[in-house]
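Read off the chains here:
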Amino acid sequence: MTEPLLEITDLRVAFHARHGKVRAVDGVSLTVAPGECLGIVGESGSGKSVTFAAVMGLIRPPGRIEAGRIRFAGRDLVGLDAASYRQLRGRDIAMTLQDAQTSLNPALTVGTQIIEVLAAHGEGNARARAVEMMTMVGIPAAERRLGDYPHQFSGGMRQRMMVAIALSCRPKLLIADEPTTALDVTIQAQVLELIASIRAKLGMSVVLITHDLGVVADYCDRVAVMYAGQIVEAGRTADIIGSPRHPYTEGLLASVPDLHNLDRPIRPIEGQVPDLIDLPPGCRFLPRCPKARPDCAKPVPMRAVGEGRNVRCVLT
Amino acid sequence: MSPSLLLHRLLQLLPVLLGVTVIVFGMMSLTPGDPAETMLANQNATPAQIATLRHDMGLDRSLPVRFASFLTHAVQGDFGQSLFHHRPVAAVIAERLPATVELSAAALLFSLLLAIPLGVIAAVHRGGLLDRLATVGSLFGVSLPGFWFGILLLLVFAVDFRLLPVSGAIDYASQPPTITGFLILDSLLALRLDSLGNALAHLLLPAITLGLPMAAILMRVTRASMLEVLRQDYITFAEAKGLSRARILGLHALKNALLPTITVAAIETGSLLGGNMVVETVFGWPGLGRLVVESIFARNYPLVQAAVLLYALTYVLVNFCADLLYTVLNPRVRM
Amino acid sequence: MRAKTILIAAAAAMAVQLAAGAAELRIGFTLDPLTLDPGNHRSRETESLLRTMYNGLVAHDPAMKLVPELITGWTWVDPQTMEVKLRPGVKFHSGDTLTADDIVFSFNRLLKPAALDGQTSPRQGLLGPTKDVVKIDDQTARFLLTEPWPVLPAMLTFQEVVSKSFTEKSGPGGLATAENGSGPFKLVQWRRGDSLVLERFAPYFGGAPDIAKAGNACIDRVIIKIIPENASRTAALLAGDVDIINELPAHDIRTVEANKNTKVMAVNGTRTFFVALNNTKKPFDDVRVRRAANHALNRQLIIDKLLSGRAVKLNGVMAPAAFGFNAELPEYTYDTARAKALLTEAGYPNGIDVTLDADGPQKETAEAIAALLTQAGIRTKVAISDGAQVRARWASNGKREGDMWINSWGNGSLDPTDIFEPTLQTGGRGNSAFYSNKQVDDLLAAGGRETDSAKRAALYKQAQLLVNQDAPWLFLWLPQDLYGVSARLSGWSPAASGWINLRDACVQ
Amino acid sequence: MKRLLPGRLAQAAALTVLAFVLLAACAPLVAPHDPADTDLFRRLQPPAWMVNGDWSYPLGCDALGRDILSRIIYGAQVSIFIGVVVVLIATVIGVMAGLAAGYLRGWVDRVISGLVDILLGFPYLIFAVGLMAMMGPGVLNMVLALAYKEWVVPCRVVRGETLAARETEYVEAARAIGASGLTIMLGEILPNILSPVIVVATVRIAQVIILEASLSFLGLGVQPPTASWGSMVADGRAFILDAWWVSTFPGLAILLLVLSINVASQAVRDALDPRLHD
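Residue numbers (this note's numbering), protein chains in the order written: chain A, 5 to 320; chain B, 17 to 351; chain C, 497 to 1004; chain D, 1001 to 1278.
Some hints could be false.
Computed far set for chain D versus chain B, every beta-carbon distance over 12 Å [what the hints assert, rightly or not]: (1) A1019; (2) L1029; (3) P1032; (4) D1037; (5) R1042; (6) W1049; (7) M1050; (8) L1104; (9) F1122; (10) A1164; (11) A1174; (12) T1183; (13) V1197; (14) A1213; (15) S1265.
Distance condition first, Cα-Cα at most 20 Å in a straight line; then the derived SDA-like pairs of lysine to any residue [what the hints assert, rightly or not]: (16) C:K895 x B:D50; (17) B:K271 x A:I281; (18) C:K608 x B:I66; (19) C:K587 x C:S666; (20) B:K271 x A:T106; (21) C:K759 x B:Q65; (22) C:K877 x D:G1136; (23) C:K682 x C:E695; (24) C:K608 x B:Q65; (25) C:K895 x B:T54; (26) C:K877 x D:A1036; (27) C:K608 x B:L171; (28) C:K627 x B:Q65; (29) C:K627 x B:N60; (30) C:K877 x D:T1226; (31) A:K25 x A:D188; (32) C:K895 x D:G1136; (33) C:K608 x B:D50; (34) C:K895 x B:L171; (35) C:K895 x B:I66; (36) C:K759 x D:D1242.
I should point out that these hints are in silico values taken from the structure, not numbers from a laboratory. The C-beta atom is built at its ideal place from N, Cα and C for all residues, glycine as well.
Modelling step: build the complete structure from the supplied sequences, incorporating the hints.
Here it is in structure tokens:
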């Protein structure tokens, strides 16, 4: 196996609130290989976005990285000075956000917003590169549209614009945070196809953060399922979709409609994501788990259960 | 904004100006006291002489006649004679206007220059020491009666340290040639650095006194809207793009955060114009505010009417300009 | 950076001032002139400022004695005709020579209806029964009266002479902003609301020869800065920004005296302060109550504390320096027992409840008076309103609802006609006490006509005694006019008339 | 309460406001002297710790020898009364007008917005000075003179919020089930827009106290012997050169109260504005 592009080891991120410490990310370890697409799945509040905010170096007070290591292309990112981090962001690691509607600055032209990334990272010929990038993501008449404001674009075009901005410096890693939630199904597919095709063209790695297992099934090589700040199951996509080993993964799969088996009933997971303050030491899914056992109340470690596959459950 | 829309907006102002005129006229006519009596206060005169004086002042006509006469003349730009100056109201006001405009503009500039950076700093360091210092510090501005604070400044900087002049707008020896009537502008146009320095030295304390309360308000608005903006996705996205902090705060955040600041600044121009009269009295500033208060007390009706109309017009125009600026800053409302 | 630039620039500006200011005098003055037209205002402050540029036919010497100024003297041809001889060689600032035509023109502007571009001069009333001024020859003019009015020379001090040709040339309203007087200083610039800049007028005729050291002015330039706020004006003096300030508040005397570069100058004023008691309404319709009020007030205490002792008690209407002042008026001594006895006698054994009206500037004094009266059984509330409002309330043709009004009346001519008649004659314009005494009315009427000084004085003394007995007012005091001046000023002294006579002022 | 007042500073501010209100309410019990007790022999007596000071008059005496401390305590009544009553009247009127304009739209909106525009065109102080000159002095007239224009501030806020709330689902739902306009305005919209109204009101109380001081400066203050802080500063400014204490102590009282109101209101604002919570 080649050296991973991104390697997160035992990452812990906490937010200090008035009534206690919120452990948003609690011992997450994962790797992303060059050219690979990794899916991160979980409900909101599972820590998936925070994990990658930590990778981007965008954890702001009251949040803090308490422990762990983030290695990217051979460099340690935790504790990296602000200037170096700034050079890294947007050039080597790029990120798109959930909603292009709110992620593009309404007061600036899209031209400004794409050219400034190139300029910030010392790329010459920024204007031409910007037009090239916009054309690549499928924005027609790119040259002419540089002077337009985001509100003059349709939803899908805005999403493409965001991808164009993120990819303008040809990053090694793209973190796509919920790229599809705000879009309707057709455009969703277009955007994902776009990312997939550019990934192939540029040979970059992609982390796809989503709560949609269907999306993961179609586009990701591997997947990590997160729950309450921890990874509960990780492995090759086909393995996990085919035979989930963690009750939470099972629950997730049961809660989405199966296009291949429409007769299967949809069952949402009962209960709520626990409060991340003062968590009990045992399995975090325990209160909602249909298969709970007494020894679930003890700390549950991550265990390897096959080739490249790990599960955090006493049942396995 | 298209020319026809501009015209439409301007036409909308007319009812406001008419309303202001009616209210002022009504107020002044219901106010006890008589300009002729005020003029002859504690001096001898026969009833016949007072009657002549009232006739000369136009006070012997009935109210509706006076109002109609004022209105028909006012639309032609004639606001009548100032009762005590015996010169056209327009001329008397025009002489005092530049000083007031200059002071108000300086106060506005001062408050914006103070409020925006402080508001940004406070928002960025929300809850931190700088935030608290900026918040409490700016509140001092809004918590002090202007006339008292003005006198204190004057005692410290003009009397104790003798750094700045006590009163007036400029020293005789430093006067620039009159081109526009605005001292700062004239100094610049004539390239007179000594005049500019002298005018600024005179302007400093009044502008601070007048601008401080507004600075406090604007700082709070900027802070709040900056907090709101900083939570937006586009700021996170800008950070993810690896932009410098200066560019993120100064361009991405501020361009959005300034919108409420501009709106409030335009609205607060009203209190700025009103605050003039207090500050002008303390600093012997030759502006309009002092004249208007003196005129209210002396029942100099024509001058008060014209001045209030002018204030209303200024207010309306400032807000109009703010709207225009708004469209520049916010492309979504561009029409 | 900005602050530094400003400081440097300010320092540079000061340097310029010093170089140019060897003989420059700066004055901090309360109010901007309303107009520069001597014929079209009724403001004491405006007149004070105009007097630095204009001259009158008659002036006051430092002792407030009448002296001829633009004329060599006046003679009564008969009780209704006064002749004046013009002083030769008087030049206007324009260089024209002042002639009898100018005098005739100046006074007819004031006298004739609609003579000021269709408007009648508000100063007409100050010339009493004068009906016309006619030219006899180039150096002589006559004042024609409809009835004898011996006070005319004193009243002439209030009027200034303008140039006929200049006035006609400058067109309607032209005199309001331009000046062409004959005084020791000519106007260079009037920055409205900010300052007046005057320069020495070299061909000045020298002024009234009866006032010592007639001659040209000592200083080259005068800058009169308008500083309305009292504390700011005093601050300007202390900071060295100005050399003379008018209306120095009595409580700032200590501060100004304590400063080694400044001192206080005072002159006996001409303004009588009093509390008008409503003689037509209970309880002050009873003379015993009015007398009780006069006994109840410790005037000396207020003078000592509020006015820093800078005032004289009055027992009547006239100032001690005025013509016909009766120095033998009995004093209502401070005696609360007597006050209470008088109240009881009048049927108010438990005292009375009254309201004292005052305008803003009199608030402090009114409150002090009210507190002292209250202690003596005249329970007094103070009601403050703006000046126009109080005056409307106390107009002689008004509703007569008030109890007491603290008021004052100026008497720049120091002649009874100018103060006694309007304030105490039945129906007089300033008769805010609504006082009416036939005997007093008759004495005043006679005094107004009497041309023999001694007899005239006797009439007024008699009238003052009657008023003193009737006590239509709560008699108060006559304050000094206070000025703050810098130590570098010499040769200047304040005038009782309120004029800032700058001719003899010098600065080091 | 804890949620409303984060931070020790805000708590201190709230306590200060409370202390001033209590002081005002219990003035006769707390004040060492009758605030109108005049004695010219005590004229401009300095504070106790200075030469010629006297501990029975801890903050010194004013121009008429009245105890400054007692006058500040009684003055709190007047200043707080004016501030609170003006803002209360203005808020009630402004909320009504704003709701009507924002919800009913049409000619109601045009009339109210027109009036608001006209009043905004007047500089506040000139309007108040004019009204005071018209109605005469006194606390009640001052309250009226200030409230005549003050209502415009909450009115604008409420109108804007109502316009936004009008389009929300809960209002549409209420309309769908046939609720009357009045019920919707008072029952549905008002509770949802109350927090900006409260925030604006607290800030405006402070502003009104300052405005009252400015009116006193222009000679249109409360009637003696009543003292408001504003009138004390205004009257005392004349003595600032030789008796700084006369205007400084009431000035500090205004500063402290207004500062506290503002700090507390900012905390209330931060707490009530859900958008500021993550």
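Results of checking the hints against the structure:
Even its closest Cβ contact with chain B, about 16 Å, leaves A1019 of chain D beyond 12 Å, as expected for a residue assigned away from the interface. Listed as a non-interface residue, L1029 of chain D keeps its Cβ farther than 12 Å from every Cβ of chain B; the least gap is roughly 28 Å. Its beta-carbon lying about 25 Å from the closest one in chain B, P1032 of chain D satisfies the requirement of being farther than 12 Å from that chain. The Cβ of D1037 of chain D lies farther than 12 Å from every Cβ of chain B, with a closest approach of about 25 Å, so its non-interface assignment holds.
The claim that R1042 of chain D lies off the interface holds: its Cβ sits roughly 23 Å from the closest Cβ of chain B, which is beyond the 12 Å cut-off. A cut-off of 12 Å between C-beta atoms confirms that W1049 of chain D is not in contact with chain B; the least separation is 21 Å. Interface exclusion of M1050 of chain D from chain B stands, the closest Cβ pair being 18 Å apart, more than 12 Å. Chain B leaves L1104 of chain D outside its interface by the beta-carbon criterion, the shortest separation being 20 Å against a cut-off of 12 Å.
Against the 12 Å criterion, F1122 of chain D falls within the reach of chain B, whose nearest CB is about 6 Å from its own CB. Annotated as non-interface, A1164 of chain D keeps its C-beta farther than 12 Å from every C-beta of chain B; the closest such distance is 15 Å. The claim that A1174 of chain D is not at the interface with chain B holds, since no C-beta of that chain comes within 12 Å of its own (minimum 28 Å). No beta-carbon of chain B is positioned within 12 Å of the beta-carbon of T1183 of chain D; the least distance is around 32 Å.
Once the 12 Å rule is applied to beta carbons, V1197 of chain D is consistent with being away from chain B; the minimum gap is 16 Å. Non-interface status of A1213 of chain D relative to chain B is broken: a Cβ of that chain comes within 12 Å, the nearest being about 4 Å off. Against the 12 Å criterion, S1265 of chain D falls within the reach of chain B, whose nearest CB is about 10 Å from its own CB. Distance check on the hinted pair: K895 of chain C and D50 of chain B sit about 15 Å apart at the alpha-carbon level, within 20 Å; holds.
Restraint check: the Cα-Cα separation between K271 of chain B and I281 of chain A comes to about 38 Å, which exceeds 20 Å; the hinted pair is violated. A hinted pair counts as satisfied when its Cα atoms are at most 20 Å apart, and K608 of chain C with I66 of chain B qualifies at roughly 15 Å. At most 20 Å may separate the alpha-carbon atoms for a hinted pair to count; K587 of chain C and S666 of chain C meet this at roughly 18 Å. Note on K271 of chain B and T106 of chain A: the hinted pairing holds, with a Cα-Cα distance of about 15 Å set against a maximum of 20 Å.
A C-alpha spacing of about 43 Å is found between K759 of chain C and Q65 of chain B, which places the hinted pair above 20 Å, so the restraint is violated. The straight-line distance between the Cα atoms of K877 of chain C and G1136 of chain D is roughly 16 Å, inside the 20 Å bound, and the hint therefore holds. Simply put, K682 of chain C and E695 of chain C have alpha-carbon atoms about 5 Å apart, close enough for the 20 Å limit, and the pair holds. Taking the CA atoms of K608 of chain C and Q65 of chain B, the gap is near 12 Å; set against the 20 Å cutoff, the hint holds.
Using a Cα cut-off of 20 Å, the hinted pair K895 of chain C and T54 of chain B holds, with the two alpha carbons roughly 18 Å apart. Between K877 of chain C and A1036 of chain D the alpha-carbon distance is near 11 Å, which keeps this suggested pair within the 20 Å criterion. Restraint check: the Cα-Cα separation between K608 of chain C and L171 of chain B comes to about 51 Å, which exceeds 20 Å; the hinted pair is violated. For the hint linking K627 of chain C to Q65 of chain B, the alpha-carbon distance of about 14 Å falls within 20 Å, and the restraint holds.
Our distance criterion of 20 Å between C-alpha atoms is met by K627 of chain C and N60 of chain B, whose separation comes to about 17 Å. A distance of roughly 11 Å separates the Cα atoms of K877 of chain C and T1226 of chain D; the hinted pair therefore holds under the 20 Å criterion. Restraint check: the Cα-Cα separation between K25 of chain A and D188 of chain A comes to about 37 Å, which exceeds 20 Å; the hinted pair is violated. For a cut-off of 20 Å, the pair hint linking K895 of chain C to G1136 of chain D stands: about 17 Å separates their Cα positions.
Taking the CA atoms of K608 of chain C and D50 of chain B, the gap is near 24 Å; set against the 20 Å cutoff, the hint is violated. Of the supplied pair hints, the one linking K895 of chain C and L171 of chain B is violated, its CA atoms being roughly 46 Å apart against a limit of 20 Å. Distance hint between K895 of chain C and I66 of chain B is fulfilled; the C-alpha atoms sit about 19 Å from each other, no more than 20 Å. Simply put, K759 of chain C and D1242 of chain D have alpha-carbon atoms about 15 Å apart, close enough for the 20 Å limit, and the pair holds.
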